[in-house]
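Chemist: Turn these sequences into a full structure, and let the hints steer you where they fit.
There are 2 protein chains.
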Amino acid sequence: MSNEILEMIEEKKYTRLRKQLTEMNPADIAGIFEELSPKDLPIIFRILPKELAAETFVEMDSDMQQQLLEGFSDKEIRDVMDELFMDDTVDIIDEMPATVAKRILKQTDATTRKLINKLLAYPDDSAGSIMTTEYIDLKKDMTVDEAFDRIRFLGVDTESIYTCYVTDKSRRLLGVVTVKELLLNPKDMVIGKIMRENIIFANTFDDKEEVAGQFRKYDLVMLPVVDKEERLVGIVTVDDAIDVIEEEATEDIEKMAAIVPTEKSYFKAGVFDTFKSRIPWLMLLMISATFTGAIISSFESKLTVFPALIAFIPMLMDTAGNCGSQSSVTVIRGISLGDIEFKDIFRVLWKEIRVAVCCSVALAAVNFLKLWIIDYMIFGNFDSGKQFAEIAVVCLTMMLTVIAAKIVGCVLPVLAKKIGFDPAVMASPFITTIVDAIALVIYFNFAVLMLGI
Amino acid sequence: MSNEILEMIEEKKYTRLRKQLTEMNPADIAGIFEELSPKDLPIIFRILPKELAAETFVEMDSDMQQQLLEGFSDKEIRDVMDELFMDDTVDIIDEMPATVAKRILKQTDATTRKLINKLLAYPDDSAGSIMTTEYIDLKKDMTVDEAFDRIRFLGVDTESIYTCYVTDKSRRLLGVVTVKELLLNPKDMVIGKIMRENIIFANTFDDKEEVAGQFRKYDLVMLPVVDKEERLVGIVTVDDAIDVIEEEATEDIEKMAAIVPTEKSYFKAGVFDTFKSRIPWLMLLMISATFTGAIISSFESKLTVFPALIAFIPMLMDTAGNCGSQSSVTVIRGISLGDIEFKDIFRVLWKEIRVAVCCSVALAAVNFLKLWIIDYMIFGNFDSGKQFAEIAVVCLTMMLTVIAAKIVGCVLPVLAKKIGFDPAVMASPFITTIVDAIALVIYFNFAVLMLGI
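So the protein lines, in turn, are chains F and Z. With my numbering, letter number 319 in the first sequence gets 319, and the count goes up by one each step, no holes. With my numbering, letter number 129 in the second sequence gets 129, and the count goes up by one each step, no holes.
By construction, these hints were calculated from the structure, which means they are not laboratory data.
One copy or any two copies: either way a pair holds, since identical chains are not told apart in the list.
Derived DSSO-like pairs: lysine-lysine, alpha-carbon spacing no greater than 30 Å straight-line: (1) K217 <-> K264; (2) K13 <-> K193; (3) K187 <-> K139; (4) K39 <-> K13; (5) K39 <-> K50; (6) K180 <-> K193; (7) K102 <-> K264; (8) K180 <-> K217; (9) K139 <-> K19; (10) K268 <-> K343; (11) K386 <-> K302; (12) K13 <-> K217.
Modeler: Below, the structure written as structure tokens:
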């Protein structure tokens with residue numbers, strides 16, 4: 001498909017191309033446009049019919065949008081912007097450099113410009129930043145027939161017409177009625193009698209992740225947004241909620257891997273962007289790992305007496321790190337999805353301790369068998385004559401470390417959330433550093449105690 | 001709110017309670033029901049009006065559902081099941097023990113039972129397993145008015161009425177028309193003239209994660225599902241797609257943290273469930289870490305000559321692990337979201353190498369300054385007289401390790417995907433073990449080379 005189209009472009013078969021593109025989905029057209037040269041892009045874009053052009057424009061990434069906008073005449077900017085929904089317009093302006101943004105704003109009328117500026121002012125993580133202002137508003141005393149007239153009148157320009165909001169004179173939200181309910185009621189029925197007054201809504205300054213959570217919880221397709229005076233100012237649609245859910249998951253995953261989250265997709269982020277998002281945590285964790293090194297240094301002279309002990313350091317540290325990150329990641333995800341709250345801290349702790357005891361016994365047992373049968377009986381390692389004590393030190397350290405790692409791993413994210421930190425930042429690498437230190441301290445203390453060094 | 005209701009239950013004020021509950025959302029009612037005792041639950045559930053009862057039933061977790069079903073009379077089972085959508089019925093039956101499932105099936109008529117069994121047979125990860133069979137189907141030669149009649153006729157029972165599917169006599173999918181388009185067209189217009197024929201659809205055996213990806217890409221609210229003969233058999237709705245997106249992210253996160261994914265939420269999974277999901281990877285990674293230990297063992301005698309080298313092991317291993325997991329996690333998420341494919345492997349590699357070089361220079365430089373100024377000049381460590389060589393060994397190892405870790409981290413997930421493994425399984429802990437070994441081999445070889453041991 002895509003190859004066929006690229007061929008048509010090369011052979012300049014524009015009439016056939018236009019026909020072909022018209023039958024395609026905007027998201028797919030945008031995908032094909034990504035492969036075009038900067039020279040071809042504006043030419044092919046102008047082939048599209050007006051409405052499809054605008055829909056495709058929304059699906060492009062901001063670099064391509066900027067490239068097109070810079071080549072557009074004022075009229076072309078107006079043509080595209082006229083077809084867009086308010087939330088898409090605001091997103092595009094937000095991404096553009098100041099000069100391009102100014103040019104776009106100049107092409108809008110004063111009312112729209114005022115609205116855009118108001119929407120731009122909402123914080124990035126608020127419901128206001130993802131809402132659109134096109135929705136169907138009805139009045140309580142309209143009949144079903146009048147409601148349909150209003151839907152037909154507003155219809156063409158709204159992103160979703162199937163849920164209508166009933167407002168009073170001062171635009172306060174009174175109720176909600178769906179097109180389904182309108183269709184199932186007689187034409188002269190009054191809206192006030194069929195509307196539902198028990199409405200789920202958000203406030204403009206609500207966290208957008210919480211808003212997305214409401215879509216998940218209540219299986220919504222749209223959610224009305226009201227301002228401080230409870231006046232209806234916009235709606236959030238499910239496609240934007242899905243984007244927020246996606247971004248949220250990606251952000252959590254990045255933070256868990258010690259990456260400073262970026263909004264750009266993998267190839268869009270430049271080498272330096274990626275470097276900047278990775279180096280802070282690498283630096284911090286490298287420096288904190290020197291403390292682990294310092295713990296080893298302080299036992300250096302004792303380690304040279306039992307050099308076999310050195311070989312177990314990676315295994316003990318790695319297992320501690322893995323145990324800690326399993327617990328922390330599970331708890332962090334539970335917090336994100338709303339399953340775990342601060343008040344659950346003791347329930348979490350109690351569960352993790354029991355799981356940790358099971359894990360520690362299993363791991364220590366396997367470790368003991370391996371050391372005893374393979375290392376001692378078959379290969380005859382541990383020639384110090386203190387083989388029992390050495391094996392005991394390793395196995396006991398393993399047990400205590402696993403339990404400590406799981407406790408640290410589950411408690412830190414919950415505490416972080418409580419004091420207002422992002423729990424995801426408490427994940428694997430950070431916890432690994434802490435439990436590494438714990439593992440070594442336990443190990444060396446057991447060694448001193450049981451081997452008498 | 002919830003306290004007030006629990007009070008009413010205690011005081012048996014059932015009339016007021018019924019009124020209060022009727023105004024609430026099913027998801028919230030289910031939340032309150034979770035706090036009820038097993039004795040109260042069936043009593044309060046029976047207070048709800050029939051439709052609300054069914055909607056609340058769907059929102060409960062399967063333990064509560066089972067508890068209620070076991071106490072239900074046959075008629076009560078029929079009442080609840082009659083109100084449910086087909087996808088919810090199938091989900092519930094799927095979760096119940098055989099005896100309960102049998103009782104439910106006995107209460108349905110032969111046609112429904114046949115349909116349920118067919119839906120139950122779809123693989124767990126297929127589009128068929130998340131679709132519902134309630135949708136509006138129209139014929140090409142109907143008028144807009146006739147279409148509305150059919151919507152009114154089918155309307156009450158369908159999960160979403162706003163997108164109607166046009167099928168031919170053998171139920172093959174011909175086109176799609178929305179209620180919005182119906183409303184904006186004259187009443188005598190023929191459906192065949194206004195339907196769109198360019199339809200995005202899924203096949204019953206398509207992977208449900210890919211189906212969810214289509215909702216994201218094309219901003220869909222519904223997606224038709226066809227069988228091998230291209231006959232329309234069901235639809236997937238956006239709320240189910242959101243659930244799949246959520247589950248997918250949770251699964252990826254769990255795999256990245258070396259946890260075998262479970263479908264249960266944190267507190268629903270028992271201690272032994274959680275133990276079972278964590279111990280396989282812990283065991284595997286513990287055993288693989290003994291290889292890292294073996295590398296150290298083989299250099300044991302040389303390490304005792306320069307014991308200061310031991311102290312750098314945690315820092316080098318941790319940094320390698322962090323670098324590797326940053327790359328792997330970024331690439332795995334890119335694969336999940338469809339940004340990265342196998343053909344991109346060299347682009348990924350080229351980007352990671354450049355990022356790695358930047359990171360390695362920055363980390364080695366900071367490390368050099370720390371070792372030179374703090375450790376050597378201020379504290380006077382490195383009394384071996386080979387301080388330059390020792391510092392050089394550490395810094396060069398750091399540089400090479402960072403680059404190696406990032407290469408391994410980005411290549412393994414892409415290769416895993418190519419050969420049909422799950423890329424997420426290649427994440428942090430697995431890659432950590434590999435890059436730990438690489439870090440040590442590089443470190444000891446540099447040490448032998450530059451310190452002449």
